[in-house]
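So the chains spell out like this:
Protein chains: 4
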Amino acid sequence: MEFASDNTAMVHPAILAALSAANAGTAASYGADDWTRRAMARLEEVFETRIRGFLVGTGTAANALALSAIASPVGTVLCHGEAHINTDECGAPELLTGGAKLTPVEGTGCKVDVDTLDGALRPFVRGFHQQAPQAVSITQATELGMIYEVEEVAAIGAFCRARGLRLHMDGARFANALVSTGASAADLTWKAGVDVMSFGATKNGAMGVEAVVFFDTALAEAFEYRVKRSGHVVSKGRFLGAQMLAYLEGDLWLANARRANAMAHRLAGGLEAVAGVRLALPVQANEVFAIFPVRLHGRLQASGAHYYDWPGERIGDDGPRAGEVLVRLVTSFATRPEEIDNLLAHARAEAA
Amino acid sequence: MEFASDNTAMVHPAILAALSAANAGTAASYGADDWTRRAMARLEEVFETRIRGFLVGTGTAANALALSAIASPVGTVLCHGEAHINTDECGAPELLTGGAKLTPVEGTGCKVDVDTLDGALRPFVRGFHQQAPQAVSITQATELGMIYEVEEVAAIGAFCRARGLRLHMDGARFANALVSTGASAADLTWKAGVDVMSFGATKNGAMGVEAVVFFDTALAEAFEYRVKRSGHVVSKGRFLGAQMLAYLEGDLWLANARRANAMAHRLAGGLEAVAGVRLALPVQANEVFAIFPVRLHGRLQASGAHYYDWPGERIGDDGPRAGEVLVRLVTSFATRPEEIDNLLAHARAEAA
Amino acid sequence: MEFASDNTAMVHPAILAALSAANAGTAASYGADDWTRRAMARLEEVFETRIRGFLVGTGTAANALALSAIASPVGTVLCHGEAHINTDECGAPELLTGGAKLTPVEGTGCKVDVDTLDGALRPFVRGFHQQAPQAVSITQATELGMIYEVEEVAAIGAFCRARGLRLHMDGARFANALVSTGASAADLTWKAGVDVMSFGATKNGAMGVEAVVFFDTALAEAFEYRVKRSGHVVSKGRFLGAQMLAYLEGDLWLANARRANAMAHRLAGGLEAVAGVRLALPVQANEVFAIFPVRLHGRLQASGAHYYDWPGERIGDDGPRAGEVLVRLVTSFATRPEEIDNLLAHARAEAA
Amino acid sequence: MEFASDNTAMVHPAILAALSAANAGTAASYGADDWTRRAMARLEEVFETRIRGFLVGTGTAANALALSAIASPVGTVLCHGEAHINTDECGAPELLTGGAKLTPVEGTGCKVDVDTLDGALRPFVRGFHQQAPQAVSITQATELGMIYEVEEVAAIGAFCRARGLRLHMDGARFANALVSTGASAADLTWKAGVDVMSFGATKNGAMGVEAVVFFDTALAEAFEYRVKRSGHVVSKGRFLGAQMLAYLEGDLWLANARRANAMAHRLAGGLEAVAGVRLALPVQANEVFAIFPVRLHGRLQASGAHYYDWPGERIGDDGPRAGEVLVRLVTSFATRPEEIDNLLAHARAEAA
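Residue numbers (this note's numbering), protein chains in the order written: chain A, 1 to 352; chain B, 1001 to 1352; chain C, 2001 to 2352; chain D, 3001 to 3352.
There could be a bad hint or two in this list.
Reference listing, derived: stretches of chain D covered by chain C, where coverage requires no fewer than 3 residues with Cβ under 8 Å from a Cβ of chain C [what the hints assert, rightly or not]:
hint, stretch
1, 3005-3015
2, 3234-3244
So, partial list: chain C residues that the calculated Cβ filter (under 7 Å) puts toward chain B [said to hold, decoys possible]:
hint, residue
3, P2073
4, V2074
5, G2098
6, F2128
7, E2224
8, K2228
9, R2229
Taking beta-carbon pairs under 10 Å as the criterion, some of the chain D residues facing chain C (in silico) [said to hold, decoys possible]:
hint, residue
10, E3002
11, A3024
12, G3057
13, G3059
14, N3063
15, A3092
16, G3208
17, K3228
I should point out that these hints are in silico values taken from the structure, not numbers from a laboratory. Computed from a predicted structure; not experimentally measured. Glycine is no exception: its CB is placed at the ideal position from the N, C-alpha and C atoms.
With the hints as constraints, model all of the structure from the sequences given.
Encoded structure:
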C-alpha cells in the first residue's frame, strides 16, 4: 500500500532493459553519445518542433538550470507560493540562477492565472530597488495534482509575452497532465507560449533522467556550461540518453501516465464512498488529495499504508476541519489495483 | 582501440546486474533506502572507521560539494594548477562553495608537496584583502596519472594540520592509486590526514556514482542541504546505493583497478619498445603519458585509435620537442588486451 | 515641502564639520584609523556592552552583511513580507549571504510577532528539501513607521532563543524608534535578544555611514573578509569613523531623531484636522502614513509637495477606499516647521 | 614620512569644499541628483564621447561591478596574476560576477601583452569543461607602478576584438598613468579598445568615489540593479556626485596626478644616489619600487618612515638578493617635498 510518492516506484522494465542494451562497448562521454542524440530527435518528434535539449539526473537540477536561462541574478521569477521550486528545492533555483528571487503568486490548487500574476506584478514600481520580473514558472501538473488546460497555459503565455516575461513549465509530472488534457505536447507547451520546460521522466518510470527542453532555442546558448558548472554533466551520458529514449519509445511515457492516472481515479472513487472521507480536490492527474478523519488516518498508517499528511491550509476554505487531516496519495505506473483495493478495504473496515 | 578516457567504458556487468536486482517493489526515496544504508556500512569497512558518506551522480559534484564543507566563500583552496577542480569543472567548486577561490600550486606530475604548498602560502600576508587559505586538495591518482604514496599524503596532512588547513582528496581514480601503492584505504586517507574525499566509482566500472566521504564527520553537518540545493539529491536513491554496494562487494573495485593498471603497464611497455616513442612519465595507475612523433600520432588516429593529445608544457623540461606530441592513453577495467596489441601493432608498423 | 524621504535631507552641519576636522595629515586606511576606533568605543558606551562594530557606507550593505553572519546559504531568514530587506534591496541579502532565502511573515504595520513567526515556521517540516530557518530580522522602526516596544522585541528575542534562531534588527531608523520608546539602547537591543543590528546614521544626519553592530561578538569572526569581498571596505576609512563619531558625540543622534519625530507629530496633527484626510496608522517615529482624497493628493503634488503614494493594501482593512490614496510623508532632523505649515495651509485650502 | 599608500592621504581641500557647498537643502537620492548628472556630463567631456557612468564608493566595488557587466558566471577574465582584482579584493570580482574565474597571465611589471594573453588562452580547448574566456582586465598604472602606452593598450584592444573578448581597465591610478603618457583620456581608453573602466578618484584626492565608465554603453543595461544588489547605491548620492565633479573641475585630477608623479620622481632620483640602493623598476607614475639593504630598511622604518616591503619575486631576475629587500613607496598629491627630503636625509645618513 505505497502511495507516498511516485519517487518510491521502481524503474519500468523496458527502461531498465534499455540500460542493459546500451551497455556494450565504448561510447562518447558527456552527452556526445548516440543514445542522447536519438533521444533529442525523439523529443523533437514528440513536440513537433526543433528544440535544444539537455539531460540531467534530477528534477531539481532541471528546474533550477532551466530558470538560469531565463532569469538573471537581478531578476525575479513569479511562481505559485507553494511551487516545488519555492518550497522543495532548498534554494537550488536561487543558487543556479546566481541569485534570482522567487516571487510568490496566489491561486487555488497551486495554479496561478493571469489575474494573480497581474496582482503579483503590481508592487514592481520601484525600479532597481527591486529585482526585475523576468519570468513565470508554472507546474504541470501542479503540486496539488491539478492541471492547466491548453487555454489556461495559453492565457499565461500571452500574458508573459505582453509583459516581456519568459515562461517556464515544471513538467515533473508533465506526462500525467498531458494525457489528462488530451492535448498534444506541442499545444500544451510551446504553442501556448512556453519557452523552456523541465520534462520529467523519473516519476513516471525512469531511473533518474529529466530533460531541460528549450523551445526558444536561442535561450540555450552556453547552457552546457551551466550544466557542467553545477556538476550535472554526466560522464557516461549514454545511460541518460538510453533512459530517455526508452521512455519515449513506443509512447511508453504516455501509457505509464495513463495507467498512473487511472489508478488515482480508482483510488479516489473508492475513497469517496468511504464514510467520513471526502476529496479535497478533484483528481486530474496521479495525485489524490483527500480529507480523512484523524482516527481513520491513524489506523490506516498503522496498518501499513504509506502516504503523507499535507498542510491543510493549502486547500483554502474547504480544507480539513477539527478532527480531520488533509492527506496526499500518489499513484504511479507501478501501482497495482490490489494495493488500492487493499487500502480501500482497510478504510471501509475502519470507517464502519 | 579506445584509450580516450575511462569515462567511455561500459558499466561492469555485476553493477548492472545489481541495478536490476534492486528494481523490485518500492523503496524510500532521497537516499533513505536500504541499499544506500548498506553501501555506507561497506564504506566504513573499507576505510576501517566511522564515516559520513553521501552519494552523488558525478565526480564534479562530489568534488565541489566536498570542498563546500571545508572552504567558505572568503576562503581559498590550494591545489595543483592543473588539478581537475581548477581546469576541468567549469567553476563548480567556486559555485558550490559560494565563492572560495582556488590557489594554484606548482609540482611535477600534477603533484603538490609540502614545499610547493608552503611557497603558495607565502603571499597570504595581507589579511582580509585576500581570501584566507582554508584547505588543500590533492588528486589521487593525479591528472598526470601519478600517485601519492602514503608518506607523501601524510606529509601533506601534517602540513595541513600545522597550518590549520583542511585536506581534501579527489579520488576519482582512488582505486587505481590504492592498488598501485599497496596500502590500505585507511592508511592512504584519514590516517594520513585526509578530512574528506571524493571516492570515485564511475571511471572504474559504475554507471554514475561517487561518494563524498567525510572522515571528520563533524564536517558533514547540514551537508545534505548542500547536496539538495545543488540538485544532487537523487529521488530514486536506491540506484545510487545499489551501484556503490556492488562496486565494493567482493572487492570488485580493487579487481577492476588492478586490471586497468595492468593494462596500462602492458600498453606502456609495448610503446616504449616502439622506435621514436618514449614515456613522458612513469606509469603508476591507469594512464599512460607518452611522447609520440607527430607523424605517428597522425597515423594512429587515422587508423581508429582513440586517445587525446595533451598540453606538452605540463610535463616540464622532458616534454615534447619539435615534431613530437604528448599524448594520454587511458585504460580501464574494460580494456581488452587485444585492443592494446592492436594499437601496438599499428604503432610498430608505422614506426618501422 | 520635502517629505519624500529622510534620504533627501542634507548632512547635519556638525557631521560635515567633523569631516573637515578629520582632514588633516595622513591616517591609516581600511578602518585602522583613530576616528573609527573612537567611534567603536562610543558605540560601546551607547550600548553599555562590548561590541564588534564595522562601518559601511549604505544601509543595504549593513543589512545584507549582518545577515551573512547569521544565515548560511542553506538557511532562511524570517522577516515581514514588506521588510526593506525583502522588497527594497534588490536581492542584496541573498547575494551577500550566498543564497539564504527570505521567508515572508505577516503582521500589521510591518511588525511581526511571536504568533506570526510561529506560523511562518510551521511549514518547515521537510528537512533538507527546504532551507533551514536560521534567523529572524525585524525593522525598528518598521517600513510603516511603527515601533517595537522593548517587551515586543524581548518576546521575539525569547522566541528566537527557544527555536535556535538568531535575531537581527534593521535599525536604519533606530534612533527614531529609540527616542519614541524612551528605552535605553541596551534594553531595546541586546538585552532583548538582538544578536546583530544595522545601526543607521545616514537617514538621521550623516552623509553616508551605517554600523553593523555585533552584540554576540563571536558572530563577527572573519566578518572583515565579508565586508571586503563585497567591496565595502573603504580605503579612507577615517571619514566613516569621523561621521559616526560626530553622530554619537553629545548625543546628536538622539537630538536629531527627537526633532524628526516631533516634526512628524506636528505634521500628522495638522493633517488630521484637514477635511477628508485621516491617518492610516498612528505616528510613532518620523513617518506619517495618511489617507488623502485623490483630488487633494493631485493638487498637493502639483503645488510642489514632495512625498510618495504607497501601496494601499499594506494597511489592511482600514486602507484607502475608492477615491482615496495612501501616502507616506517622512520628516527628518532637517525638516523645518515652515515646510509643514506650508503643506498644511495648501491642504486646508484645497480641502475647503 | 608617509609613503605607505595614496590611500592614507587626506582629501584635497577643493573636494572637501565641494561637499560643503553641496550640503544645502534637499536633493534627490540614489544618484538622481544634479551633482551626479553634471559629473557624468563632465566625464563625457573628459573622454570626448558618450558614456554611461555610475559612481560608487570604493575601487573594489568599481572593478567587480565593471567586470560583472562583461563576464558571466561561466566565463573567465584574463588578468595579470598579480592584478589587484586577483590578489587584493578578497574575491569581490568572483562574487559580483556571480562566479567568473580569473585566469592569471604573466608579464613583467604586472603588465600583460598580446603574447602572454595569447599563451594564457591556449589551454582553452576543452569547451564546457572550462569557463569560457570572455574578458581581459588591465591595470593602468599597474600594481608595480608601470604604465601602458597608448600603443600597448591598442594592441591589447585589437587582440580582444579579434578574440571576442571585452576589455576592462582598472584605472584606480588612471590619472597618474594618463599624465605620464601625455595622451588624451580618449586615446588611452575607448579609442584603444577599452569597453569599460574603473575610473579612480579616491587615491588622487577624493574622499571616496570611483566611477564605472562604460564606453560601450550597451553593456550598462540593468547595471543599476547590479550596483544596488551589491549595496553600492548610495542614498545621499549628491555627495558622490559633488566629489567627482570637483575632482574633474578645472582639471584638478590632472594637477594632482602630476604633482604625485613629480614627487615620485624626486624620491626615486634621491634614492638612486644613496649607496646600496637601486631602483627595481623605472618610475612611471606615483610609485617607487626600490631595493634597499635590509639594514637600511630597518633603520628607516625605525625612524618613522612609513612604506611597505613587497614580495621580491614579483620583480623577476633583478629582484632583491640576499641582504636586500624590495620596498614600495607611494606618493600622492599631498606628499610634501620636505617629507621626501627628510627620508632621503635619513637614508643617506644611514647608508654612510
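These are the hints, each one checked on the structure:
Three residues within the 8 Å Cβ limit are the bar, and the stretch 3005-3015 of chain D against chain C gives 7, so the coverage statement holds. A stretch counts as covered by a chain when three or more of its residues have a beta carbon under 8 Å from one of that chain; for the stretch 3234-3244 of chain D and chain C the count is 4, and the coverage holds. Interface hint at C/P2073: satisfied, since its Cβ lies 5 Å from the closest Cβ of chain B, which is below the 7 Å cut-off. A distance limit of 7 Å between C-beta atoms decides the matter here; for C/V2074 the minimum to chain B is near 4 Å, and the interface restraint holds.
Nearest Cβ of chain B to the Cβ of C/G2098: about 4 Å, under the 7 Å cut. The hint holds. A least Cβ separation of about 4 Å between C/F2128 and chain B falls short of the 7 Å threshold, and the interface hint therefore holds. A distance limit of 7 Å between C-beta atoms decides the matter here; for C/E2224 the minimum to chain B is near 4 Å, and the interface restraint holds. For the restraint placing C/K2228 at the interface with chain B, the shortest Cβ-Cβ distance is roughly 5 Å, inside the 7 Å limit, so the hint holds.
Annotation: interface hint on C/R2229 holds; nearest CB of chain B at approximately 6 Å, less than 7 Å. Checking D/E3002 against chain C by beta carbon gives a least distance of about 4 Å; that is within 10 Å, so the hint holds. Hint on D/A3024 holds. Least Cβ distance to chain C is approximately 7 Å, under the 10 Å limit. Interface hint status for D/G3057: upheld, as the beta-carbon distance to the closest one in chain C is roughly 5 Å, under 10 Å.
A least Cβ separation of about 7 Å between D/G3059 and chain C falls short of the 10 Å threshold, and the interface hint therefore holds. This hint holds: D/N3063 has a C-beta 8 Å from the nearest C-beta of chain C, less than the 10 Å allowed. Interface restraint check: D/A3092 against chain C, minimum CB-CB distance 5 Å, threshold 10 Å, status holds. Taking 10 Å as the C-beta contact cut-off toward chain C, the hint placing D/G3208 at the interface holds, the least distance being around 5 Å.
About 4 Å separates the beta-carbon of D/K3228 from the nearest beta-carbon of chain C, less than 10 Å, and the hint is met.
When the structure is compared with the earlier hints, no violation turns up for any of them.
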